[in-house]
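Q: Each chain, written out:
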Amino acid sequence: MNNKQKYQNIFVKSLSIKTGKFNENIKYNEIPEWDSIGHMTLISGLEEGFGITMDTDDIVDFSSFKKGLEILAKYKIKF
Amino acid sequence: MKNKLIIKFAKKKDIIKIQKFIKFHYKKNHILARNQKLFEWLYIDKISNCTLALKNNKIVGVYLYIPLKKFDEKLNKERHVFGSLWVIKDFKNHVVKNLERENVGIALRLFYKTYELLKPKLVVASGMDPRLCAFHNLKKYKLSKLNHHFIVSPYIKKTNIIKNFIFSNRSKKRRINKTKISFKKIYNAKELKNLSINSLFRYQIPLKSKIYLISRYLNHPFYKYHIYVISKEKIINICILRIIKFKNTNIIRFVDYVGSNRSFTILNPFFHEILNIYKAEYLDFYSYGISLNILKKAGLKNRTENRKLIIPSYFEPFVNKNIDVVIGYKKFNIKGKVRIFKADSDQDRPNL
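Chains Y and X supply the protein sequences, listed in that same order.
Under this note's numbering, the letters of the first sequence match residues 27 to 105, in that order.
Under this note's numbering, the letters of the second sequence match residues -18 to 333, in that order.
Among the hints, a few may not be true.
Said to hold, decoys possible - DMTMM-like cross-link-like pairs, simulated, lysine to aspartate or glutamate; straight-line CA separation at most 20 Å:
hint, chain 1, residue 1, chain 2, residue 2
1, X, K120, Y, E74
2, X, K94, Y, E73
3, Y, K92, X, E83
4, X, K123, Y, E74
5, X, K100, Y, E74
6, X, K(-15), Y, D81
7, Y, K53, X, E83
8, X, K36, Y, D83
9, X, K311, Y, E74
10, Y, K53, X, E81
11, Y, K39, X, D110
12, X, K121, Y, E74
13, X, K94, Y, E74
14, Y, K100, X, E83
15, X, K94, Y, D81
16, Y, K93, X, E83
17, X, K36, Y, D84
18, X, K(-15), Y, D87
19, X, K(-15), Y, D84
20, X, K36, Y, D81
21, X, K94, Y, D83
22, X, K120, Y, E73
23, X, K120, Y, D61
24, X, K(-15), Y, D83
25, X, K120, Y, E59
26, Y, K93, X, E81
27, X, K(-11), Y, D81
Unchecked claim - The following label-pair restraints were derived from C-beta to C-beta distances:
hint, chain 1, residue 1, chain 2, residue 2, range
28, Y, S89, X, K1, 28 to 36 Å
29, Y, V38, X, S125, 20 to 28 Å
30, X, F313, Y, F105, 31 to 39 Å
Said to hold, decoys possible - Just a sample of chain Y residues kept apart from chain X, beta carbon distances all over 10 Å, derived:
hint, residue
31, Q34
32, N51
33, I97
Derived from the structure by calculation, the hints contain no laboratory data.
The beta carbon of each residue, even a glycine, is placed where N, CA and C say it ideally should be.
Next up, chain X with everything else stripped away, as it sits in the complex:
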C-alpha cells in the first residue's frame, strides 16, 4: 500500500543506504556514515542489528542496536541489548527540533516495533540525548548519569590534560609488591580462554563472557585494549583499559570491569602500578552500579566533587570540558544488578 509505513530488520545489502541516510539526516561526517568497516563490526553479525522504517520503499528511519550476542552467540538467550542510534528523516545535525510532527509517528512506531521484534529482557541506552529523558522516563526506563572518577598518577609532577587539579590531593605511591595482590596482562584469546574466570561474570547484567571480552576488546578492528586480571590467591577482577596518547601524555581509560563490587576496593595499588607502567597522567573510570563508597575505597576521586576540575572525555576531536554520560535502562521481569561502564554500547568507538 502506498505511503504505508513498513518496519523491518535491515539486511546486509542495506548498509550503503543506511550510511547514506545517516549522512543526510543525522551528521554529514559521522563515522558510521563514512566507515563501513566500523559499521559492519558494530552492527552486522549473521544478521544486521538495525531496523528500518520504510515508506514507498525509501528509508525514513533507522534504529541501530547492539545485542550482547553480537560478541558472543551464547549470550543470545539473555536478550540483553544496547540501544545505539535512532535517526529519523530530517533529523539533521542532531538538531532535534527539526524532527517535526509528521516524523514523530515514524520515530515512535520504529522504537516500539524494534523492541517488539527483539523482545529484550534488558535494554540499556548509554550516551542518551538528555532531551530524550522524559520519553524514556515515561517508558519506565531508570535514568541516571555515569559516575566519573579518576586517579592522578603519584609519579608525575604536573598535569597537562586535567585542569584545576589540586596536587596536594594526589594519593601517595602504593607498590603492589607490598600487598597480597598480583596482576597479569592477557595478550591473546588463548590465554583468556584458559583462565578460570567464568564465575566473575555473575555479578552484573548485562551479562558478559570470556568470548565477549575477546570479541569486543581483543578483536577490536581499530582500538587496542589492554586486559588485566588481578589476583588475590585467585583471579578476582578483570580490568579493561585503553591508552590514549595526547599532547605527549598518556591517559588510561578504564573502560570495563568484571568482578564483584566488593573486590573492586582492592584495585588501588593496581591503579598505581599501571599509571607507572604506562607513564600516564591519570586514569579515569565511568561507571554505574558501583557505590561511591566503594569507588572511594579504591582510591578513585569523584570528578564532581570539585566543580572547577576538568577531566576531558572526548579526544577525537579533543574537547576540553567535562562530559556527562546519561544512561537509561529497563529490565523486563528479570533479576540482576545493572552495571554500566564506558565501553558499553557504542560509547567507546572511534569518532574521527
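Only chain Y is shown next, with the shape it has when bound in the complex:
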C-alpha cells in the first residue's frame, strides 16, 4: 500500500465515512463526520499511522483532504 492509499484509508476509518461517500474534495465541516471530534480522531490516526507529531498550526491548517496532503509532505511523507 502506498502512502496515498494509506492516507485515504486513515481518513475513511478515522472519520467513519461510509463507502461511496468519500471523495478527494471533502473539506472540514462540509460533511457531518468531519467535525471537531472527527478532526481529533483524524489527526490522531494520521500521527499514529505515519509516526509523526503535527504542529498545532498544521492541525489548524488541515482543512481539507487535499490540504492534508500538502501538510503531510512537510513531514517528509512522499505521495
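Given the coordinates of chain Y, assemble chain X onto it according to the supplied hints.
A: What follows is chain X alone, placed relative to chain Y:
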C-alpha cells in the same frame, strides 16, 4: 516560550482555577465547578489527579482522572486508572462541535501526555460521550455499553418509577431462610477490616480492596452506601448498594460487586430480601464482564429485552428515560478480566 503548550500535573492550589475553567468551558452549573468538597474528594489525595494544559500560564485544558490508589494507596503499583473528565477551552455546554480545530491539538497533547505521565496498566473510561468512540477505538480501547438489569420487587402491587413493566413477568417470592445462603450488613470500617475477604478481589481488574471499599463507600462524603456480605458457609460475595428515595418509593441501585461471576448466580434470594427490607420498588444493576446468562440465573431481567420498558437511571435531576452507559478500556500488557460497574469512575456521584 510564549504560546508554548505546557502540560503538567495540577497542584492543590489550582483547584479554584480548575473549577472556574470547568464552569466557563464545560457546564456553568456542573457540580465539580460548584462543589469544592466533592472535587477534592474525587480528585485530590497527596497530589491532585488532574493534568493541566497551559498556554501563557493560563489553563486551556484539564484532564481529570481517578487512580484506584486514590482510595487505597496499596493499589498504587497496579496503576489502574479511571479517566473522568476531559475539558478543553471553548468546549462549552457539552456541545462538542464548538471544540474547533485549534483546540484539537491541545486536546490530543493533553490526552497523550496525561497517560505518558501516569503510565497506567489499565485505563477505564465509563460514561463516555458516544462521539468519542471512534477516537478511543483508534487508540485500541475496547468499547462496549454496560448491561442494564433489574428485578422488580415481588412485594409490591404496582410500579411508580418503572414504565411499561408487565407485572406477570415478576418473579415469585424467594425467602433466603429456605436456602443455605445468609447475608449480613457491614456498618463500619472495623467490621469490614475483620472479614476474611481478600481472596474475593482476585476475580477482576480494576483491582479493588477492603480499604478501597472503606474509602470509596463507607467514607463517602455525600452518599450513604450499604455494604452486604453474602455467605454460603463462608463469605462469597460483597454487594454495594445505594438507596434512592423518589416519589415516595425506594429504589435500590446495586452499584458494585466483589466476588466470582459463578457465585453471582446465588444472589436471587438476597435480592428478594433486600427489596423487602428497603420496601423498594426494584433493584437495578449496571455491569460489564458478567455474562447475560449468569445475570439471568441470578433472576435479573435485561432492560433491553423489552423496548418499551423504562428503567430510569438519572435522579439528580430525574430523567424519565433509559440511559446507556458507554465504556471503553485499554489494558497495557496485563492479564485479568475487566469488570465494570455503576459506581466505577465518577459515575455514581451527586449531580445537583
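Q: To test your reading of the hints: which numbers does this structure violate?
A: Per hint list: zero violations.
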